[in-house]
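Fit chain R to the known structure of chain B by using the hints.
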Amino acid sequence: MSSVHIPSAAVAPGSNGNLAKVGVAALFVLALVAPFGLYPIFLMKALCFALFAAAFNLLLGYGGLLSFGHAAFFGGAAYIAAHTVKVWGFPPELGIIAGTAFAALLGVVFGWLAIRRQGIYFAMVTLALSQMLYFVALEAKFTHGEDGIQAVPRGHFLGFLDLGDTYSMYYFVLAICVLAFWLIYRTIHSPFGQVLKAIRENEPRAISLGYRVDQYKLLAFTLSAALAGLAGSTKAIVFQLASLTDVDWRMSGQVVLMTLVGGVGTVFGPVVGAFILVTMENYLAEFGSWVTVIQGAIFVVCVLTFRKGVVGEIAALVRRGKGEQPSEGGGHH
Amino acid sequence: MIPLLGIPPQVLFGQLLLGLINGAFYAMLSLGLAVIFGLLNIINFAHGALYMMGAFAAWLMLDHLGIGYWPALILSPLLIGAFGVILEKTFLHRIYKLDHLYGLLLTFGLALIIEGLFRNYYGVSGQAYDAVPDLLKGGNNLGFMFLPTYRGWVVVASLIICFGTWFAIERTKLGSYLRAATENPKLVQAFGINVPRMITLTYGFGVALAAMAGVLAAPIYHVSPLMGSDIIIVVFAVVVIGGMGSIVGAVISGFGLGIIEGMTKVFYPEASNTVIFVVMAIVLLVKPAGLFGKAA
Chain B
746 MSSVHIPSAA VAPGSNGNLA KVGVAALFVL ALVAPFGLYP IFLMKALCFA LFAAAFNLLL
806 GYGGLLSFGH AAFFGGAAYI AAHTVKVWGF PPELGIIAGT AFAALLGVVF GWLAIRRQGI
866 YFAMVTLALS QMLYFVALEA KFTHGEDGIQ AVPRGHFLGF LDLGDTYSMY YFVLAICVLA
926 FWLIYRTIHS PFGQVLKAIR ENEPRAISLG YRVDQYKLLA FTLSAALAGL AGSTKAIVFQ
986 LASLTDVDWR MSGQVVLMTL VGGVGTVFGP VVGAFILVTM ENYLAEFGSW VTVIQGAIFV
1046 VCVLTFRKGV VGEIAALVRR GKGEQPSEGG GHH
Chain R
54 MIPLLGIPPQ VLFGQLLLGL INGAFYAMLS LGLAVIFGLL NIINFAHGAL YMMGAFAAWL
114 MLDHLGIGYW PALILSPLLI GAFGVILEKT FLHRIYKLDH LYGLLLTFGL ALIIEGLFRN
174 YYGVSGQAYD AVPDLLKGGN NLGFMFLPTY RGWVVVASLI ICFGTWFAIE RTKLGSYLRA
234 ATENPKLVQA FGINVPRMIT LTYGFGVALA AMAGVLAAPI YHVSPLMGSD IIIVVFAVVV
294 IGGMGSIVGA VISGFGLGII EGMTKVFYPE ASNTVIFVVM AIVLLVKPAG LFGKAA
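Chains as they are written, first to last, in the working numbering: chain B, 746 to 1078; chain R, 54 to 349.
The following block holds chain B by itself, in its conformation from the complex (with noise of 0.2 Å):
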């Protein structure tokens, strides 16, 4: 078998209907709200990071493919925006797009060579390609090695909102991340979409039934490297810092993390499971490389026995009290 087969959850709120619709609108006001009880920079950490594992979900949840190499795309963008917006006098709107175009090129080229292998060799590849990336931010002069790019100016929104302020950043992310989820949900639902599933279930009947299966993976890696590199561009404006941490390994494996806890190849999971990661981070942070042991115990916990995740385990539930039969790994929307 060439193709990799993730027993997905598969649900879509598409197929719940209006419960989906009162879910996603409850999330938005909550979003809305939210920076007047909660910390403000926690929030748009875990924004961020909820974006990047999204981006994650939509290649490993919808194409079968697990790259290991995701953080060259967050970290990468990370420094081409805040290199742009520091060094260059962007504003921070055109910094953003700007490590996003570098992701989205990064991923044709990465993508281009990776798709050449398939399984454990695809995600052995990627990790590679990525840590080639790390040398080169470890060396090249416009990254400043360990120190990374610090004190990158937040700038003026559109040349008039104050990004200084911490509520117009809050809601500046939050604009960014909500067209991003809309985006990944109609990539999800669009014919595009339903081939790409159909690639991850069944390759070689996806190229007997005449799809070019290799533009396919392609597309979607290079639209999950860019979304990963918008992600990667925010949090460099939001915290004035690109760094080595954004592009190391550990990095990619804490997004395979994420969405893995929360729940690969749902629409929620990956946001879920952002939010529980970068808490468990918040409060764990004075026991130092705990947080690592911590990490890797909640992947073998998560591989032995908790594969759906937290939101596909509750889908399933769901499901399965309204007496419907669970089906693994096909959607049916």
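It should be emphasised that the hints constitute simulated quantities derived from the structure, not laboratory data.
A few of these clues could be false.
[Stated by the list, open to error] Chain B residues, not near chain R, derived (Cβ > 10 Å throughout): (1) Leu788; (2) Leu883; (3) Leu906; (4) Ile952; (5) Thr990.
[Stated by the list, open to error] Some chain B residues judged to face chain R by a derived CB distance under 7 Å, without partners named: (6) Ala868; (7) Phe880; (8) Ser1034; (9) Thr1037; (10) Val1038.
Bear in mind that the values here come from a model prediction, so they are computed numbers and not experimental data.
Ideal Cβ placement from N, Cα and C applies to all residues, glycine included.
Coordinates of chain R only, in the frame set by chain B:
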């Protein structure tokens, strides 16, 4: 001697030797990965962490028990190999029926746990292991270069280990069972061979290889919790280049890439960290299945 392409021969051969030594480690580690992958269908992400544990075991034995290099070279692989057996029994054997990717994720989690624990206790800076036996101290002047004995020993030891593994798998009865089980585990089981136990022991053996590489590495590189993750990603690239089809392939590509890396250090040092990845990209373009791999 006459400088070659403007490079003094001492520098050239010195880097060639360094490349050979790095290549020796790439070969041993990718060999272990290939052996494990053959039977378990798992890419052992924890391989780097277990290599690091092998080095640490040697250092701890010296530090706490006064056990020297030669005993450690045997004891550490046995100890870490036994740890590998426990890992297989408690975790890995639960996921063989799942997609291969879960094996990667599970062992990635294990690698994080192991690395994190060692970082907690020993920090990120390295510990020096200086228990090289007298036999391996010093060096020889070969005329065109100075060869430190220990470094020569590492290359020789690696070749012995690689040849031994190749011989055990390709030329012995046990190895033939192993190869048969790789092809068709059910059939081999039907002939009365305990395949699950064979799988467990194979994992233990692969882990022991990593640990032995770790002990060999301890006197050269600093013994540090990060030494495993630094090398494992490069080894992954080596595996992608060589393909996991054959043992000989793993060894040749390991040494070959080590030498290429060493030569890059001479002629274009800026690229020495990335050259293996560049080679990987080129191989993917020209021969997507890897140099020694079978087409998927």
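Hint check results:
1. The non-interface label for Leu788 (chain B) is consistent with chain R: the shortest C-beta to C-beta separation is roughly 26 Å, beyond 10 Å.
2. Taking the minimum C-beta to C-beta distance to chain R, about 8 Å, the non-interface status of Leu883 (chain B) is violated against the 10 Å cut.
3. Distance check for Leu906 (chain B) against chain R: the nearest CB is about 40 Å away, which clears 10 Å, and the non-interface claim stands.
4. The beta carbon of Ile952 (chain B) is kept farther than 10 Å from every beta carbon of chain R, the shortest such distance being approximately 13 Å.
5. Residue placement check: Thr990 (chain B) keeps its beta carbon more than 10 Å from all beta carbons of chain R (closest about 14 Å).
6. Interface restraint check: Ala868 (chain B) against chain R, minimum CB-CB distance 6 Å, threshold 7 Å, status holds.
7. Interface hint status for Phe880 (chain B): upheld, as the beta-carbon distance to the closest one in chain R is roughly 4 Å, under 7 Å.
8. At about 4 Å, the closest approach between the beta carbon of Ser1034 (chain B) and any beta carbon in chain R falls short of 7 Å, and the interface hint on this residue holds.
9. Here the hint on Thr1037 (chain B) is kept, as its CB sits about 3 Å from the closest CB of chain R, short of 7 Å.
10. Interface hint at Val1038 (chain B): satisfied, since its Cβ lies 4 Å from the closest Cβ of chain R, which is below the 7 Å cut-off.
Going down the numbered hints, you'll see the structure goes against just number 2.
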